[in-house]
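S.K.: Use these hints to put chain B onto chain A, whose structure you have.
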Amino acid sequence: MKYIDEYRNGTLVRDIARQIASTADPARSYHFMEFCGGHTHVISRYGFEDLLPDNVRMVHGPGCPVCVLPIGRIGAAIALAMRPEITLCTYGDLMRVRDRNGWSLLKAKAAGADIRMVYSTLDALRIAEAEPQREVVFFAIGFETTTPPTALALKTAIARNLGNFSIFCNHVVTPAAIHNILESPDVSKPGTIKIDGFIGPAHVSAVIGTKPYEFFAEKFRKPVVVAGFEPLDVIQAVLMLVRQINDGRHVVENQYIRAVTRLGNVKAQAEVANFFELRESFEWRGLGELPLSGLRLRPQYAAYDAEKRFSMMTFTAEDNPACECGAILRGVKKPADCKLFGTVCTPDTPMGSCMVSSEGACAAHWTYGRFRTKARQPDAGRAVA
Amino acid sequence: MKMMMEAYSRNLDVANGRVDLSHGAGGRAMGQLIEGIFHKAFDNIWLRAGNDQSAFTVPGARMVMSTDGYVVSPLFFPGGNIGSLAVHGTINDIAMAAARPLYLSASFIIEEGFPLADLERIAESMGVASRAAGVPIITGDTKVVERGKADGVFISTSGVGVVPDGLDLRADAARPGDAVILSGSIGDHGIAVMSKRENLEFDAAVVSDSAALHGLVAAMVEAGGRQIRLMRDPTRGGIAATLNEIASQSKVGFHIDEEAIPVKPEVAAACELLGLDPLNVANEGKLVAVAGPEGAKAILAAMRAHPLGREAALVGHVVADDDCFVQMSTCFGGGRIVDWLSGEQLPRIC
Chain A
1 MKYIDEYRNG TLVRDIARQI ASTADPARSY HFMEFCGGHT HVISRYGFED
51 LLPDNVRMVH GPGCPVCVLP IGRIGAAIAL AMRPEITLCT YGDLMRVRDR
101 NGWSLLKAKA AGADIRMVYS TLDALRIAEA EPQREVVFFA IGFETTTPPT
151 ALALKTAIAR NLGNFSIFCN HVVTPAAIHN ILESPDVSKP GTIKIDGFIG
201 PAHVSAVIGT KPYEFFAEKF RKPVVVAGFE PLDVIQAVLM LVRQINDGRH
251 VVENQYIRAV TRLGNVKAQA EVANFFELRE SFEWRGLGEL PLSGLRLRPQ
301 YAAYDAEKRF SMMTFTAEDN PACECGAILR GVKKPADCKL FGTVCTPDTP
351 MGSCMVSSEG ACAAHWTYGR FRTKARQPDA GRAVA
Chain B
1 MKMMMEAYSR NLDVANGRVD LSHGAGGRAM GQLIEGIFHK AFDNIWLRAG
51 NDQSAFTVPG ARMVMSTDGY VVSPLFFPGG NIGSLAVHGT INDIAMAAAR
101 PLYLSASFII EEGFPLADLE RIAESMGVAS RAAGVPIITG DTKVVERGKA
151 DGVFISTSGV GVVPDGLDLR ADAARPGDAV ILSGSIGDHG IAVMSKRENL
201 EFDAAVVSDS AALHGLVAAM VEAGGRQIRL MRDPTRGGIA ATLNEIASQS
251 KVGFHIDEEA IPVKPEVAAA CELLGLDPLN VANEGKLVAV AGPEGAKAIL
301 AAMRAHPLGR EAALVGHVVA DDDCFVQMST CFGGGRIVDW LSGEQLPRIC
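These protein sequence lines are chains A and B, in that order.
Heads up, the first sequence stops at 385 in UniProt numbering, and the numbers go up one at a time, no gaps.
Heads up, the second sequence stops at 350 in UniProt numbering, and the numbers go up one at a time, no gaps.
In short, the hints are calculated from the structure, not lab data.
Wrong hints could be hidden among the right ones.
[Said to hold, decoys possible] Each computed DSBU-like pair below joins lysine-lysine, with the alpha-carbon atoms no more than 35 Å apart:
#1 B/K251 / A/K107
#2 B/K149 / A/K107
#3 B/K143 / A/K107
#4 A/K267 / B/K196
#5 B/K40 / B/K143
#6 A/K194 / A/K219
#7 A/K107 / A/K155
#8 A/K333 / A/K219
#9 A/K107 / B/K40
#10 B/K149 / B/K196
#11 A/K339 / B/K149
#12 A/K211 / A/K155
#13 A/K107 / B/K196
#14 A/K194 / A/K334
#15 B/K196 / B/K264
#16 B/K196 / B/K143
#17 A/K333 / B/K251
#18 A/K107 / A/K339
#19 A/K211 / A/K194
#20 B/K40 / B/K251
#21 A/K339 / B/K251
#22 B/K196 / A/K155
#23 A/K211 / A/K333
#24 B/K297 / B/K264
#25 A/K339 / A/K194
#26 A/K333 / A/K194
#27 B/K251 / A/K334
#28 A/K107 / A/K333
Okay, chain A solo, but in the shape it has when bound (with noise of 0.2 Å):
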């Protein structure tokens, strides 16, 4: 597999590992969060918590965008597609997703509604123009990665005359985020949490570059480097956070220079910023209301935006209160600190926002993790072998 193997040696990989281990400081101790689930799928896909010394430690970001969609919204994405002129196309990972009530896209599928899962938007596309008597609704989410094929969809569908397509927008931009974990009180407060630095997103910096980490890394004194997702991305993410650490520098650096450049992709922000607009407010699940944090459809677009067109009705709905999401998603809180982890919350049953999708930081614990857990109890069955 050129371009994969080359970053999935082994040798490298525990070579990084050990020079972390000689250069990380044994009198302090490094809390590195990635905000991007993609990396939270990574570290623990590949154990890579037993290659780090144990004063190095990672914690889990919000970056996982099914994680982060508010049940409210799947509330109104399932209701909508429960209507007969209607055919929903989906993400796949958004079908597991349950609302307040239980249902997810997966039981309205088996319940009757019309919902297509599709791999790209140009899917969608093609169904709105072979079943021209249908109404195709693009259910879109995701971060700046995925915002530019929604834009490019509907630039698509206007160029076409396609009056039977139209977009139920639910994309959402990382700085917002990464603002609102570093100003919460948890972290900002001395003496609480820890986050040292940042391993910023590679997909989503592939589209807004790595300037717009620069103001954080500035006024909030944290070291951010953006990298891949591969095994060797992120290991040498981590030794170039301890090394600025050390040095005392907190600065934007880029690991991922095979896809990421300073400004980005221009071309791709500009055809976002056509069609697309900032929210007021956007609800995240499992943080709440963060202000200018989520886009819609501009005006002029209107016929082309489901929540217009369809007048749908979203509301805020609340998590189980056990739900510990808000502070896990902070890096305040670990999975297994949660009540509802592995009791009533697991990957088939996801009570809350990090166990939905398979790169939230519970579902990752779960699926590839549970183990240690058990192994650090002191009347634990047997450890790992």
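M.R.: Positioned in the frame of chain A, the structure of chain B alone reads:
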């Protein structure tokens, strides 16, 4: 019909629930459905044993019987079609009891409007597959349903076979210290099928591994005989589901080594593209065997000498574990769990 174990048992909401796609995906939800509906209604000692087939005694012999339904989409894929798959799948379910398959039946549910030429291609490939395997299809049934009530054609096959004297493979027979042997590369079938799905077509030089494994099993039995504790063909849910299922049934854990598991580069590449784990991807011509430590070496050698086991590898060991975890050492030396798939295997958003 595999048994649902207490470790992941959850109540089905029979009064209000509906069957959704996750109930057919080979993961926890499917086990929950089988346990909550079928096992409850059919309850008997054979089903409770939790195998893919059931052995029973007839005068002078010990036999096995198995049945399976095939609903693959698309019907034709690189390396096979629904017909050859239906023959190989049931032969393999019989063979996993170390039995010699003798006869098959085939039942067809065909959608009105289905092209006869396609039906002929499917039937011919079933004939070729059954003759090559030496297991004739000796009875069958045909039903046609109205357009829209089936997806082209569905096939069910059943089979019977006879178990060699002295062998009794059981789902709960794995013991700490036993070796785990995999007969070859994983994920070939699942990726070959996915590469031809209407909404997902991509170029992958992968063909399905669909094959009848009873010849390979016969060679293993000859080499290792009573040292074989149990065998499974890791179809839907991949080897992750198979190992978790055995772990639950035998009340043990597994420790496997990622580097020892063969994955073709093109399968690994496709999994990367789709955000899938090859451990969860379906196979149709592979088996996992758990064998006592004394016999593992001879069994592995016999497998490697057979055309369908050339890439066979010792991929791990059974360990004592009350939690029945399947743990894996990653290629970088870290540790992780290999879990059941939750619901359907769904590609990630980004």
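S.K.: Each hint needs a verdict: does it hold in this structure or not?
M.R.: Each hint, compared with the structure:
no. : hint            : result
1   : B/K251 / A/K107 : holds (33 Å)
2   : B/K149 / A/K107 : holds (20 Å)
3   : B/K143 / A/K107 : holds (30 Å)
4   : A/K267 / B/K196 : holds (33 Å)
5   : B/K40 / B/K143  : holds (28 Å)
6   : A/K194 / A/K219 : holds (16 Å)
7   : A/K107 / A/K155 : holds (32 Å)
8   : A/K333 / A/K219 : holds (24 Å)
9   : A/K107 / B/K40  : holds (23 Å)
10  : B/K149 / B/K196 : holds (23 Å)
11  : A/K339 / B/K149 : violated (45 Å)
12  : A/K211 / A/K155 : holds (27 Å)
13  : A/K107 / B/K196 : holds (26 Å)
14  : A/K194 / A/K334 : holds (13 Å)
15  : B/K196 / B/K264 : holds (18 Å)
16  : B/K196 / B/K143 : holds (27 Å)
17  : A/K333 / B/K251 : holds (32 Å)
18  : A/K107 / A/K339 : holds (27 Å)
19  : A/K211 / A/K194 : holds (24 Å)
20  : B/K40 / B/K251  : holds (22 Å)
21  : A/K339 / B/K251 : holds (26 Å)
22  : B/K196 / A/K155 : holds (29 Å)
23  : A/K211 / A/K333 : holds (30 Å)
24  : B/K297 / B/K264 : holds (24 Å)
25  : A/K339 / A/K194 : holds (22 Å)
26  : A/K333 / A/K194 : holds (11 Å)
27  : B/K251 / A/K334 : holds (29 Å)
28  : A/K107 / A/K333 : holds (32 Å)
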